[in-house]
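*Asks:* So the sequence lines, in the order shown, correspond to chains A and B. The first sequence begins at 1 in the numbering used here and counts up by one. The second sequence begins at 1 in the numbering used here and counts up by one.
It is worth saying that the hints were derived from the structure and are not from the lab. Quick reminder that beta carbons are idealized off the backbone N, C-alpha and C, glycines included. A portion of the hints provided could be inaccurate.
[Claimed, not checked] Computed, partial: chain A to chain B, Cβ under 10 Å:
#, residue
1, 109
2, 110
3, 124
4, 135
5, 205
[Unchecked claim] Straight-line Cα separation of at most 25 Å, BS3-like style, residue types lysine-lysine; simulated pairs:
#, chain 1, residue 1, chain 2, residue 2
6, B, 275, A, 18
7, B, 181, A, 4
8, B, 189, A, 147
9, B, 275, A, 245
10, B, 224, A, 235
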Amino acid sequence: MTLKILVPVKRVIDYNIKVRVKADNTGVDLANVKMAMNPFDEIAVEEALRIKEAGIATEVVAVSCGVTACQETLRTAMALGADRGILVETDVELQPLAVAKLLKTIATNEAPQLIILGKQAIDDDANQTGQMLAALLGWPQATFASKVVVDAAAGKVAVTREVDGGLETLELTLPAIVTTDLRLNEPRYATLPNIMKAKKKPLDVVKPETLGVDVTPRLTTLKVNEPAPRAAGIKVADVAELIHKLKTEAKVIS
Amino acid sequence: MSILVIAEHDNASLKAATLNTVAAAAKINASLTSEIHVLVAGATCSAVASQAAAVAGVAKVLVADAAHYADQTAENLAALIHAHAPGYTHVLAPATSNGKNTLPRVAALLDVAQISDIISVLDADTFVRPIYAGNALATVKSADSVKVITVRTTGFDPVAATGGQAAIEAMSAGPDLGQSKLLGRELSKSARPELAAAKIIVSGGRGMGSGENYHTVLEPLADKLGAAMGASRAAVDAGFVPNDYQVGQTGKIVAPQLYIAIGISGAIQHLAGMKESKVIVAINKDPDAPIFQVADYGLVADLFQAVPELVAAL
Numbered sequence: 001m002t003l004k005i006l007v008p009v010k011r012v013i014d015y016n017i018k019v020r021v022k023a024d025n026t027g028v029d030l031a032n033v034k035m036a037m038n039p040f041d042e043i044a045v046e047e048a049l050r051i052k053e054a055g056i057a058t059e060v061v062a063v064s065c066g067v068t069a070c071q072e073t074l075r076t077a078m079a080l081g082a083d084r085g086i087l088v089e090t091d092v093e094l095q096p097l098a099v100a101k102l103l104k105t106i107a108t109n110e111a112p113q114l115i116i117l118g119k120q121a122i123d124d125d126a127n128q129t130g131q132m133l134a135a136l137l138g139w140p141q142a143t144f145a146s147k148v149v150v151d152a153a154a155g156k157v158a159v160t161r162e163v164d165g166g167l168e169t170l171e172l173t174l175p176a177i178v179t180t181d182l183r184l185n186e187p188r189y190a191t192l193p194n195i196m197k198a199k200k201k202p203l204d205v206v207k208p209e210t211l212g213v214d215v216t217p218r219l220t221t222l223k224v225n226e227p228a229p230r231a232a233g234i235k236v237a238d239v240a241e242l243i244h245k246l247k248t249e250a251k252v253i254s
Numbered sequence: 001m002s003i004l005v006i007a008e009h010d011n012a013s014l015k016a017a018t019l020n021t022v023a024a025a026a027k028i029n030a031s032l033t034s035e036i037h038v039l040v041a042g043a044t045c046s047a048v049a050s051q052a053a054a055v056a057g058v059a060k061v062l063v064a065d066a067a068h069y070a071d072q073t074a075e076n077l078a079a080l081i082h083a084h085a086p087g088y089t090h091v092l093a094p095a096t097s098n099g100k101n102t103l104p105r106v107a108a109l110l111d112v113a114q115i116s117d118i119i120s121v122l123d124a125d126t127f128v129r130p131i132y133a134g135n136a137l138a139t140v141k142s143a144d145s146v147k148v149i150t151v152r153t154t155g156f157d158p159v160a161a162t163g164g165q166a167a168i169e170a171m172s173a174g175p176d177l178g179q180s181k182l183l184g185r186e187l188s189k190s191a192r193p194e195l196a197a198a199k200i201i202v203s204g205g206r207g208m209g210s211g212e213n214y215h216t217v218l219e220p221l222a223d224k225l226g227a228a229m230g231a232s233r234a235a236v237d238a239g240f241v242p243n244d245y246q247v248g249q250t251g252k253i254v255a256p257q258l259y260i261a262i263g264i265s266g267a268i269q270h271l272a273g274m275k276e277s278k279v280i281v282a283i284n285k286d287p288d289a290p291i292f293q294v295a296d297y298g299l300v301a302d303l304f305q306a307v308p309e310l311v312a313a314l
């Protein structure tokens, strides 16, 4: 069985950047801000590559949905080792349901046996796309993965998941959806020769209209605010003062 | 039309997160005149149903009792909720690992958006949710016919677990889709309070140096205070403690009365998980650690001296 893996990647604000809310409260300021691949998606790319390098998968296809600049994110995925890229290009603000619908059409065309996604993007923190895609395709899902073991011959994947109480392991029938958690792996860095090579890898661009998907947002963002800051605290000199404050001022211990 | 709340449970008892979620449902209902129903999907879960029926403000408890709901696998659960969603204006679940796993699947089956992790209800269509690790708060309005929502439990004070007298109604189970099966679970066993519901949390970071230090230094303090124990991502990544200890943007979101951060520098993603705590104490030897910017009481000290001193003085 030849196994193809699809890895959706999202272009987001670099995780080291401190975000600022725009003065008109319409969103956060992304002008001239460094953008990068969503960290959870880097983990997804890495996992797909490891499965390919283990001889289990034959091809890793990266796909991104969004503005023209998402091509950079796809080039990053290809520099890491993805074989080719697909950009679904649109200037419309894409919400998770729309992305899931776009990915469904790509998956229908590409027929991968495994789709690995980041569990959430660090911009909207929605944590929805993988689950929604699984629903639309009618595939099983294992979210928040910390270990993935593919048995291509049996058509199964065993996924250990990070859940509230600890860990649980599910066995899914392929084709399946996996979303990555932090401890699944440590992503590699792209080397300069691989960055150069990635520029020559195929990158297809399609439009949502061509795929027949309506990407109109369902949720309207009325405003975006900064959270109320915490009142400034104090430094205490020693343990005795700390206990005194907790008992008499904060009254949280007795 | 009514509001449906998906119960969080382990087939034996109803989890506290359900009470916060019913509280969010009650806020939504303030501008409607609906009933709040709770769905208990599980296996031999009648005890859970009885507990759900006692929750204040709940009008009806629906029970789907079948072996293939025992492990709360998303495929079967989402199909069940989807089948029963007609008749409901809102479907809510707590933003626990179960809720986050299942509810987007329900939303997609219904062809509606999901509103993740709400912390406030403005009206029946309008909600506030954190984005960018809580560095911004978005007010969003839904135009969908059914609002599918996960609730950040720290945003809503729980309703009373008792006092209600809801009717319990059995509902027919859906088919077993057989797409996934549970091979096993490794769940942390602890006599301490649950992290997400604890009044006091003692949390350790990279500064603990090792898993052994984490336990020998912090456990006596947690014992004295009757506290739950948490950790930063750095401490979990370093293998000091298991993943379920993690507090932060992608771990557990907590808001106890007292959060004591020990040897935690205060990365943005950690602050995202605990900065709504009522009182924050930080103990760190680095006076410039970002954790001091959110701490009500900061103690610049070597934790290996300060914590035993604190234990002795309490």
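*Asks:* Does each hint hold? Answer for all of them.
*Replies:* A quick look at each hint next to the structure:
For residue 109 of chain A, the interface hint is violated, since its Cβ never comes within 10 Å of a Cβ in chain B; the closest pair sits about 19 Å apart. Evaluation of the residue 110 of chain A hint against chain B yields a violated restraint, the C-beta minimum of about 19 Å exceeding 10 Å. A least Cβ separation of about 5 Å between residue 124 of chain A and chain B falls short of the 10 Å threshold, and the interface hint therefore holds. Below 10 Å, beta-carbon pairs count as interface contacts, and residue 135 of chain A has one with chain B at about 4 Å; its hint therefore holds.
Taking 10 Å as the C-beta cut-off, the interface hint given for residue 205 of chain A is violated, the closest approach to chain B being about 26 Å. Taking the CA atoms of residue 275 of chain B and residue 18 of chain A, the gap is near 16 Å; set against the 25 Å cutoff, the hint holds. Proposed proximity of residue 181 of chain B and residue 4 of chain A is supported: the alpha carbons are some 23 Å apart, at most 25 Å. For the given pair, residue 189 of chain B sits about 21 Å from residue 147 of chain A by alpha-carbon distance, which is consistent with the 25 Å threshold.
About 19 Å separates the Cα atoms of residue 275 of chain B and residue 245 of chain A, which keeps this hinted pair within 25 Å; it holds. A threshold of 25 Å between alpha carbons decides the hint, and for residue 224 of chain B with residue 235 of chain A the separation of about 23 Å falls inside it, so the pair holds.
Of the numbered hints given earlier, the model fails hints 1, 2, 5; all others are met.
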